[in-house]
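Using the sequences plus the hints, can you model the full thing?
So the chains spell out like this:
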Amino acid sequence: MKSDIFKIANKKFESRLIVGTGKYKNMKECAKAIKISGAEIVTVAVRRVNILDKSKPILMDYIDPKKIMYLPNTAGCFTSKDALRTLRLAREIGGWKIVKLEVLGDKKNLFPDMIETLKSTEVLTKEGFKVMVYCNDDPLMCKRLENSGASAIMPLAAPIGSGLGIQNKTNIKILRYQTKVPLIIDAGIGQASDAVEAMEIGCDAVLINTAIAKAKNPFQMAEAMKYAVISGRKSFLSGRIAPNLQGSPSTTKKGII
Amino acid sequence: MNKKNKIKIVVNGKLLTVNIKFSLKNLIEKLKTPINKVAIELNEEIIDKKKLNKIFLKNKDKIEIVHFIGGG
Chain A
1 MKSDIFKIAN KKFESRLIVG TGKYKNMKEC AKAIKISGAE IVTVAVRRVN ILDKSKPILM
61 DYIDPKKIMY LPNTAGCFTS KDALRTLRLA REIGGWKIVK LEVLGDKKNL FPDMIETLKS
121 TEVLTKEGFK VMVYCNDDPL MCKRLENSGA SAIMPLAAPI GSGLGIQNKT NIKILRYQTK
181 VPLIIDAGIG QASDAVEAME IGCDAVLINT AIAKAKNPFQ MAEAMKYAVI SGRKSFLSGR
241 IAPNLQGSPS TTKKGII
Chain L
1001 MNKKNKIKIV VNGKLLTVNI KFSLKNLIEK LKTPINKVAI ELNEEIIDKK KLNKIFLKNK
1061 DKIEIVHFIG GG
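Those protein sequence lines, which keep their order, are chains A and L.
With our numbering, the residue at position 230 of the first sequence is 230, and numbering never jumps.
In short: position in the second sequence from 1, add 1000, done, that's our numbering.
Zero decoy hints are in this set.
No farther apart than 20 Å at their CA atoms in a straight line, the calculated lysine to any residue pairs in the SDA-like style are these:
id: 1; chain 1: A; residue 1: Lys28; chain 2: L; residue 2: Ile1069
id: 2; chain 1: L; residue 1: Lys1049; chain 2: A; residue 2: Arg88
id: 3; chain 1: L; residue 1: Lys1037; chain 2: A; residue 2: Arg85
id: 4; chain 1: L; residue 1: Lys1037; chain 2: A; residue 2: Ile98
id: 5; chain 1: L; residue 1: Lys1049; chain 2: A; residue 2: Met60
id: 6; chain 1: L; residue 1: Lys1050; chain 2: A; residue 2: Glu92
id: 7; chain 1: L; residue 1: Lys1032; chain 2: A; residue 2: Ser55
id: 8; chain 1: A; residue 1: Lys54; chain 2: L; residue 2: Pro1034
id: 9; chain 1: A; residue 1: Lys169; chain 2: A; residue 2: Leu237
id: 10; chain 1: L; residue 1: Lys1021; chain 2: L; residue 2: Asn1005
id: 11; chain 1: A; residue 1: Lys66; chain 2: L; residue 2: Asn1036
id: 12; chain 1: A; residue 1: Lys56; chain 2: L; residue 2: Thr1033
id: 13; chain 1: L; residue 1: Lys1062; chain 2: A; residue 2: Arg48
id: 14; chain 1: A; residue 1: Lys81; chain 2: L; residue 2: Ile1046
id: 15; chain 1: A; residue 1: Lys97; chain 2: L; residue 2: Ile1046
id: 16; chain 1: L; residue 1: Lys1032; chain 2: A; residue 2: Arg47
id: 17; chain 1: L; residue 1: Lys1014; chain 2: A; residue 2: Asp53
id: 18; chain 1: L; residue 1: Lys1054; chain 2: L; residue 2: Asn1019
id: 19; chain 1: L; residue 1: Lys1032; chain 2: A; residue 2: Ile51
id: 20; chain 1: A; residue 1: Lys56; chain 2: L; residue 2: Gly1013
id: 21; chain 1: L; residue 1: Lys1051; chain 2: L; residue 2: Ile1035
id: 22; chain 1: L; residue 1: Lys1037; chain 2: A; residue 2: Leu52
id: 23; chain 1: L; residue 1: Lys1030; chain 2: A; residue 2: Asn50
id: 24; chain 1: L; residue 1: Lys1037; chain 2: A; residue 2: Met60
id: 25; chain 1: A; residue 1: Lys66; chain 2: L; residue 2: Pro1034
id: 26; chain 1: L; residue 1: Lys1037; chain 2: A; residue 2: Asp64
id: 27; chain 1: L; residue 1: Lys1062; chain 2: A; residue 2: Leu52
id: 28; chain 1: A; residue 1: Lys56; chain 2: L; residue 2: Asn1036
id: 29; chain 1: A; residue 1: Lys54; chain 2: L; residue 2: Lys1032
id: 30; chain 1: L; residue 1: Lys1050; chain 2: A; residue 2: Arg91
id: 31; chain 1: A; residue 1: Lys54; chain 2: L; residue 2: Ile1028
id: 32; chain 1: A; residue 1: Lys81; chain 2: L; residue 2: Ile1047
If we take Cβ atoms under 10 Å as the criterion, some of the chain A residues that face chain L in the derived model are:
id: 33; residue: Met27
id: 34; residue: Ile51
id: 35; residue: Leu59
id: 36; residue: Met60
id: 37; residue: Ile63
In case anyone wonders, no lab produced these hints; they're calculated from the structure.
Because the structure is a prediction, the values reported are computed rather than measured.
Beta carbons: idealized from backbone N, C-alpha and C, even for Gly.
Take a look at the structure:
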């Protein structure tokens, strides 16, 4: 069978599941869930080092950035200025150029501020970043992001952490049709079937954090998501049968008694 | 203690008192920060980690030391 490689900014990946590293009980649990999920890319946030308590565990001690690609994000940023500052710092930590931009606009629903997001994408692209952009599912704004040099378009399925699944399938389908760079569902996945649905629409990957981290059994859910993404992808590639309102018997009438 | 020989700096929001002629490298060593896992800002400007020993801190300098943590 032809291999099905997922590419972002010319980097190749086999797994189409990107996993967030937030909200886990502890880093050990996070590392184990990531391993089970088979993810090759994980999102990470930039925060102050605790200068008073050196005993606090460090993410890099649990998840080796040489083995799993860190995708620095701008979680918690509400302005372009903060997002740019965060990603420039992330790059300085160790040369990270592929980043996830997320500029939030509303503290309650966490919808992205698309004006600030677009501005930031333009600046970051000029600075040589490969920007994967968390965005709304509006085809016009997504097109503008793509035209500004975004390396991946990452529309939300539903609000971050809501677990509501894909709310606007039509928009995601339109996005699939128009988007030339990788299209990744980011935020709002709740269960495995949501991930399957995203992949069956033809999305290139999905990004999941809360649905795994906050599941009663995060390890089992990590596994479920792994297979959901594989399953949805294969289903998409296989060319489904046309939906038909009439029945069509699975067994031939020939030889019926 | 002679206060003239001391300066006050703010590191990650915490007030610290250090000697004059204290470099960023001295600070990183004092805090036992793993340098290859962090980025450093001095008064909102990113610092090249190779030049830490050449940068001496001044009174009221604001330093941010950041690293990666779990996030979605």
